Amino acid sequence: MLRIEDLSVSYGSVKALEGVGLEVSQRGLLHGVIGPNGAGKSTLMDAITGRCKPTRGRVFLNDSDITARPIEWRRRMGMSRSFQRTSIFPGIKVGQQLEMVALHLGETDLNSIVDTLELNAMYDLMADSIAYGDQRRVDIALALVGQPSLMLLDEPAAGLSTAETIKLFEHLLAVVRQRNVTALVVEHDVEAVFKFCDAITALDLGKLLTTGTPAEVRRHPHVISAYLGSSA
Amino acid sequence: MTRSPLNSNTGSNKFLGYGLVLILALCGLAIPNVVKSTFYLGLFINAIVLGIAALSIGFLAHQCGLIMFGAAGFTGGATYLFGIAVMHFNWSVTTAAIFCLVASTFISLLIGMVVVRARPLPFAMMTLALAQMLRSVVKITAYREVTGGDDGLTMNWTGNFFGLTQAELARPANFWTVAWLALCGVMLLAWWVGHSRTGEILRATKANEERMRFSGFNTYVPRVLAFGLAGFIAAVSGLLLGLHTAFASPELLDFTTGANSLVSMLIGGASVVTGPILGALLYTVGQDQFGASGHLELLTGLGVVVVVLAFPKGAIGFLQSGIDRFTGRKHASN
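Top line first, the protein sequences correspond to chains A and B.
Following the numbering used here, the residues of the first sequence are numbered contiguously, the last one being 268.
Following the numbering used here, the residues of the second sequence are numbered contiguously, the last one being 429.
Incorrect hints may appear among the rest.
[Unchecked claim] Among the chain B residues that face chain A by a calculated CB cut under 8 Å, a handful are:
hint: 1; residue: Ala302
hint: 2; residue: Phe309
hint: 3; residue: Phe312
[Claimed, not checked] Here are the simulated DSS-like pairs of lysine-lysine, each with C-alpha atoms no more than 27 Å apart in a straight line:
hint: 4; chain 1: B; residue 1: Lys301; chain 2: A; residue 2: Lys129
hint: 5; chain 1: A; residue 1: Lys203; chain 2: A; residue 2: Lys243
hint: 6; chain 1: A; residue 1: Lys89; chain 2: B; residue 2: Lys301
[What the hints assert, rightly or not] Simulated restraints on C-beta separations:
hint: 7; chain 1: B; residue 1: Leu397; chain 2: A; residue 2: Leu161; range: 37 to 43 Å
hint: 8; chain 1: A; residue 1: Pro126; chain 2: B; residue 2: Asn251; range: 51 to 57 Å
hint: 9; chain 1: A; residue 1: Ala199; chain 2: B; residue 2: Arg214; range: 51 to 57 Å
hint: 10; chain 1: B; residue 1: Arg214; chain 2: A; residue 2: Glu154; range: 42 to 48 Å
hint: 11; chain 1: A; residue 1: Ser261; chain 2: B; residue 2: Ala224; range: 56 to 62 Å
hint: 12; chain 1: B; residue 1: Gly396; chain 2: A; residue 2: Thr144; range: 52 to 58 Å
hint: 13; chain 1: B; residue 1: Leu119; chain 2: A; residue 2: Pro106; range: 41 to 47 Å
hint: 14; chain 1: B; residue 1: Arg239; chain 2: A; residue 2: Pro126; range: 50 to 56 Å
hint: 15; chain 1: A; residue 1: Met113; chain 2: B; residue 2: Phe257; range: 26 to 32 Å
hint: 16; chain 1: A; residue 1: Arg121; chain 2: B; residue 2: Glu346; range: 23 to 29 Å
hint: 17; chain 1: B; residue 1: Val401; chain 2: A; residue 2: Leu161; range: 31 to 37 Å
hint: 18; chain 1: A; residue 1: Leu161; chain 2: B; residue 2: Ala125; range: 54 to 60 Å
Keep in mind the hints are simulated off the structure, nothing from the lab.
Keep in mind it's a predicted model, so treat the numbers as computed, not measured.
Cβ atoms here follow ideal geometry from the backbone N, Cα and C, with glycine treated the same way.
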């Protein structure tokens, strides 16, 4: 489904991402991406989705090279994303924006997204008038519309309490299983990632450390030294 | 799962609204029978011409979040196109009018393809630069035969426009019908586009363009189309001016002329299509009153500052919030 080869992104002399390769082939998975600050997690998301241009390397979606494709094209081909800072449509009702995107992308089962993410109560409310945690779920709902095969979520739990984070990950797990979509999730809350994700990729200083199951990643010596610390 | 419909207007309410608007539009045709003063009728016609130009700015501002500083280029440019078609191509006035609208819209689309890529401030400045460039072009001595240079282009035509001769079009009582119908037409057009799916996409793009792109929408083409429509509306204003005054001058392309439309839009508000029209009416009447006092610019400046500070959403926004408070309704305009 997703394959990235030798992906590098530089901002001037700063190498934000260096020669990263990754393959995610199975659908219906929650795939976590972890790493300390400056590891290149968000840059990886941006480079995959076309928000920033890689200086080197290629991105493949379903074996098609999409490196030079525009954002909207990637979205229509089944790659969606949410953002570190909630990205919804302020001043437009929750339901109205979901319906607008659903109509455009040919989504026929908006109700199940709304039900799964528990957005019924706020369906007719202005998106900027609802609580922050609810806005995060609207953001994810917008990424889910249109039956994407791959969803990239950049710190979906940012700014949420521990209880809200757990609830959000429960929602995510339900969504990826029900809709058979794979979610690549960048998250700072390592415990949540290890608890809920089926696979994990660890980055440090723009380089890939390892990819594997939570147990494999937790045992990886580079991950322990670079990210989890000796207590992990 | 129970959800209320997104549009809370019931069918009968909508029908009532449309009926009311139609009655008002028809009543407007009878204004020359009520306002007998040629002076005031002329003042109202000026307000309509200014209001349509303000509507073009307001449409783009409300739908795309883009402020056009160089609206004068599109209104004045259309007046010149009309004049050139009549005087130099020797086309009939109706053919020249159609040419003026089609060519203006086409040029607007071409310009839009470049300028809508810019952020709001560079966009505003680019439209202003284009208008100022056009002003310089019409003043170039080498083109004097075509544009009239500094003296402007005086138009003379035979034949008629929807049954009205040039002399009749110059009379406010006769011209009123043309101006009023044009006003109703462009308001209906702007309202329809605003309520269409394109309008919805434009406003969502204004709210969050990045999310729109990440939702699979092409955000460029709808904005080019919106710019083309704004250019068309501005061209209607310029055409009306040409038909009524039979004269095009470089001053029509000046920033101060465009500023009148911009200020009218600010006074009236841009959230609904009636806002810029109301603003233009208030501005035109205000100009007349302030002019009589001998302190036109001072009082205009003061008036604009007071209105913009006191009514940030314009006169129409103030009226709307008053009505909403009275009826206890939450209003969602587009």
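To see whether the hints hold, each was checked on the structure:
no. : hint                              : verdict
1   : Ala302                            : 4 Å, holds
2   : Phe309                            : 6 Å, holds
3   : Phe312                            : 6 Å, holds
4   : Lys301/B <-> Lys129/A             : 15 Å, holds
5   : Lys203/A <-> Lys243/A             : 31 Å, violated
6   : Lys89/A <-> Lys301/B              : 24 Å, holds
7   : Leu397/B <-> Leu161/A: 37 to 43 Å : 41 Å, holds
8   : Pro126/A <-> Asn251/B: 51 to 57 Å : 54 Å, holds
9   : Ala199/A <-> Arg214/B: 51 to 57 Å : 40 Å, violated
10  : Arg214/B <-> Glu154/A: 42 to 48 Å : 37 Å, violated
11  : Ser261/A <-> Ala224/B: 56 to 62 Å : 58 Å, holds
12  : Gly396/B <-> Thr144/A: 52 to 58 Å : 57 Å, holds
13  : Leu119/B <-> Pro106/A: 41 to 47 Å : 45 Å, holds
14  : Arg239/B <-> Pro126/A: 50 to 56 Å : 52 Å, holds
15  : Met113/A <-> Phe257/B: 26 to 32 Å : 52 Å, violated
16  : Arg121/A <-> Glu346/B: 23 to 29 Å : 48 Å, violated
17  : Val401/B <-> Leu161/A: 31 to 37 Å : 35 Å, holds
18  : Leu161/A <-> Ala125/B: 54 to 60 Å : 44 Å, violated
When each numbered hint is compared with the structure, violations occur for hints 5, 9, 10, 15, 16, 18.
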